[in-house]
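In order, the protein sequence lines correspond to chains W and B.
Numbering follows the numbering used here, in which position 19 of the first sequence is assigned residue number 19; successive positions increment by one, without gaps.
Numbering follows the numbering used here, in which position 123 of the second sequence is assigned residue number 123; successive positions increment by one, without gaps.
A portion of the hints provided could be inaccurate.
[As the list claims (entries may be wrong)] Here are some, though not all, of the chain B residues that point toward chain W, as calculated from beta-carbon distances under 8 Å:
id	residue
1	Asn10
2	Ala52
3	His56
4	Thr72
5	Pro74
6	Ala87
7	Phe89
8	Phe95
9	Glu105
10	Lys152
No wet-lab data here; the hints were simulated from the structure.
In this text, all values refer to a predicted model and were calculated from it rather than measured experimentally.
Each residue gets a CB set at the ideal place from its N, CA and C atoms; glycine is no exception.
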Amino acid sequence: MTRWLPRVYLGLVYLLLYVPIGVLVVFSFNDSRSGYTWGGLSLRWYQSLFNNNAMVEAMWNSLWLALSAATVSTIIGALTALALHRYRFRGKKVLNGMLFVVMMSPEIVLAISLLALFLLVGIQLGYVSLLLAHVTFCLPFVVITVMARLSGFDESLPEAARDLGASDFTMTRTVLIPVIMPALLAGWLLGFTLSLDDVVVSTFVSGPSYEILPLRIYSMVRVGLKPEVNALGTLLLVFSLVMLMLSQWILTRSKR
Amino acid sequence: MKKTLLSLSNLTKQFDGKTVLDSLNLDIYDGEFITLLGPSGCGKTTLLRLMAGFEHPDAGTITLSGEDLTGTSPEHRPLNTVFQHYALFPHMSVFDNVAYGLKMEKRPKEEIRERVEEALAMVQLQDYTRRKPHQLSGGQQQRVAIARAVVKRPRLLLLDEPLSALDYKLRRTMQVELKRLQRELGITFVFVTHDQEEALSMSDRVVVLKDGLVQQLGTPREVYERPANLFTARFVGETNFFPGEVESIHDGSITVDVFGLKRTLRRPDFPVRQGQPLHVLLRPEDIRVLDPADEQGVAGKIVERNYKGSTLDSVIHLEDGTEVLASEFFDEDDPAFDYRLGEPVKVSWVDGWEWLLPEEADEPVHEDALTDA
Numbered sequence: 001m002t003r004w005l006p007r008v009y010l011g012l013v014y015l016l017l018y019v020p021i022g023v024l025v026v027f028s029f030n031d032s033r034s035g036y037t038w039g040g041l042s043l044r045w046y047q048s049l050f051n052n053n054a055m056v057e058a059m060w061n062s063l064w065l066a067l068s069a070a071t072v073s074t075i076i077g078a079l080t081a082l083a084l085h086r087y088r089f090r091g092k093k094v095l096n097g098m099l100f101v102v103m104m105s106p107e108i109v110l111a112i113s114l115l116a117l118f119l120l121v122g123i124q125l126g127y128v129s130l131l132l133a134h135v136t137f138c139l140p141f142v143v144i145t146v147m148a149r150l151s152g153f154d155e156s157l158p159e160a161a162r163d164l165g166a167s168d169f170t171m172t173r174t175v176l177i178p179v180i181m182p183a184l185l186a187g188w189l190l191g192f193t194l195s196l197d198d199v200v201v202s203t204f205v206s207g208p209s210y211e212i213l214p215l216r217i218y219s220m221v222r223v224g225l226k227p228e229v230n231a232l233g234t235l236l237l238v239f240s241l242v243m244l245m246l247s248q249w250i251l252t253r254s255k256r
Numbered sequence: 001m002k003k004t005l006l007s008l009s010n011l012t013k014q015f016d017g018k019t020v021l022d023s024l025n026l027d028i029y030d031g032e033f034i035t036l037l038g039p040s041g042c043g044k045t046t047l048l049r050l051m052a053g054f055e056h057p058d059a060g061t062i063t064l065s066g067e068d069l070t071g072t073s074p075e076h077r078p079l080n081t082v083f084q085h086y087a088l089f090p091h092m093s094v095f096d097n098v099a100y101g102l103k104m105e106k107r108p109k110e111e112i113r114e115r116v117e118e119a120l121a122m123v124q125l126q127d128y129t130r131r132k133p134h135q136l137s138g139g140q141q142q143r144v145a146i147a148r149a150v151v152k153r154p155r156l157l158l159l160d161e162p163l164s165a166l167d168y169k170l171r172r173t174m175q176v177e178l179k180r181l182q183r184e185l186g187i188t189f190v191f192v193t194h195d196q197e198e199a200l201s202m203s204d205r206v207v208v209l210k211d212g213l214v215q216q217l218g219t220p221r222e223v224y225e226r227p228a229n230l231f232t233a234r235f236v237g238e239t240n241f242f243p244g245e246v247e248s249i250h251d252g253s254i255t256v257d258v259f260g261l262k263r264t265l266r267r268p269d270f271p272v273r274q275g276q277p278l279h280v281l282l283r284p285e286d287i288r289v290l291d292p293a294d295e296q297g298v299a300g301k302i303v304e305r306n307y308k309g310s311t312l313d314s315v316i317h318l319e320d321g322t323e324v325l326a327s328e329f330f331d332e333d334d335p336a337f338d339y340r341l342g343e344p345v346k347v348s349w350v351d352g353w354e355w356l357l358p359e360e361a362d363e364p365v366h367e368d369a370l371t372d373a
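Required output: the full structure, derived from the provided sequences and hints.
See below:
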């Protein structure tokens, strides 16, 4: 009794976590038009998904936005982390704390304030406004990931490189960046996923010229659950699993 | 006279208003093995970092064979460092670690390969070129760090407590190996340590540092046998301090009263006057433990004995409470030689083996001198 009880409990927890995902995957191959009855195996929803031009465009838009937002925030974030780690300056603590404020503040607050800012400055709502918004909420995550790596960084490594004849720039290129590379990748991936599935901030700062996937899905399901959405969900699931495995592979390889 | 390679003059360095080095002067000779010895916080590591160029002095100059290096950045100084925790590049193989410095000099590939292999052979690691640092033991990492630093054939090698992370046996092996390398390469070694035994056994000269000031500069023998002050005497090896008082002064000698014994000792270099209190320093191995019936010596009793293999170390309490450390070699005639606790003995020493130091302001010879003042 006491031996199988924990296992049953654990099984229930995982069942609760994975049943919805499993249902989604299974029903994406359902031939029936209704979302609740099984009509045999079929790939028709995948087909109709790829025939839906607006959907495919939103997918590419989302991917491009996530790629660019993750890259920009990794560059800015890594430099910020380096500055916070390396130099002592006035207001360093305040700056550090402000990162957490962005991270902890409700998304809706960030969304409203960004919208107000864009309207005030006169930025057209579209790709640029989305990019700026996404970089804003990805940045703290990148900074914190890179800082964690830097805090365990042996300070004598850059000194050893300088001692052996490397200029500051060469040292950064050949020693510093390779050593913190796992953290840069982790930060980038984090930014990528955050950007890819953001709804709240994007709802406020996107315009008609640039439709992205989460918003597209959201508007689709408002009028009723279409089986196409299941297919799309399955694709996204596979994509994130591949990304996850890729990142794990890179991380374990760099440790060796 | 030896040729000066690196000359430090009036070096001063402060961190947050705290003086770490106080207008320090030091000449390092070409080809010597010089050790900076001192407790933590004495400024020895700062001094090394100033030489390497990782820190810049607030005042003073550093010159290498007459060329001013004070403002030169580390990558342009013809000297290399072996770091305390090795600082090997974790993402590079052993070969790439050692080759790094030569790649920075943009040497041809063939030359790099030859010189790296030569350097690794010198530290017996020629079969490990493809390994990553974390696949090596501490001792092997240490050797890679040394190979990486000497492959550039620096004029001067700076070593920052390079053996402190190794266990005792490996340490002894590396000490011998470092000495051999230094002899073979003919490179000047500046070695930082807080381990006085290491300093004495490896160096040509020892610099004893405390609070950013040179306490003594001399050969290991000078530092051990003729300490310049109480700090050096205490820091380097174990010492017995006997309180003495000058009874009378003669031409080349003085008569000193030590525990009521009147001993005629060599006259020291510092000025003496009659009635002056002074410290009589005796290393444990200079102490002679005599039979209680002996006419000479001060009476006391054994309170502790430690068998050390080659020596028998004992602690003797004199009648006035002074503790004396004695270290005696086993005698071939009496292999069973030992003491029992509480055994009464007399303590003496061979004339001429003592070393005299004057009273220092914060260290009076007699405790009661403090209350008198």
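Hints, one by one, checked against the model:
1. For B:Asn10, the shortest C-beta to C-beta distance to chain W is roughly 25 Å, which exceeds 8 Å, and the interface hint is violated.
2. Because the closest C-beta pair between B:Ala52 and chain W is about 6 Å apart, less than 8 Å, the hint holds.
3. Hint status for B:His56: violated, given a least beta-carbon distance of 13 Å to chain W, over 8 Å.
4. For B:Thr72, the interface hint is violated, the least distance from its beta-carbon to any beta-carbon of chain W being 12 Å, above 8 Å.
5. The beta carbon of B:Pro74 comes within 4 Å of a beta carbon in chain W, closer than 8 Å, and the hint placing it at the interface holds.
6. With its C-beta approaching chain W no nearer than about 4 Å, B:Ala87 sits inside the 8 Å limit, and its interface hint holds.
7. For B:Phe89, the shortest C-beta to C-beta distance to chain W is roughly 6 Å, which falls under 8 Å, so the interface hint holds.
8. Among the interface hints, the one on B:Phe95 is violated; its C-beta lies about 14 Å from the nearest C-beta in chain W, farther than the 8 Å criterion.
9. Using the Cβ-Cβ criterion of 8 Å, the hint placing B:Glu105 at the interface with chain W is satisfied: the shortest such distance is roughly 6 Å.
10. The beta carbon of B:Lys152 comes within 7 Å of a beta carbon in chain W, closer than 8 Å, and the hint placing it at the interface holds.
When each numbered hint is compared with the structure, violations occur for hints 1, 3, 4, 8.
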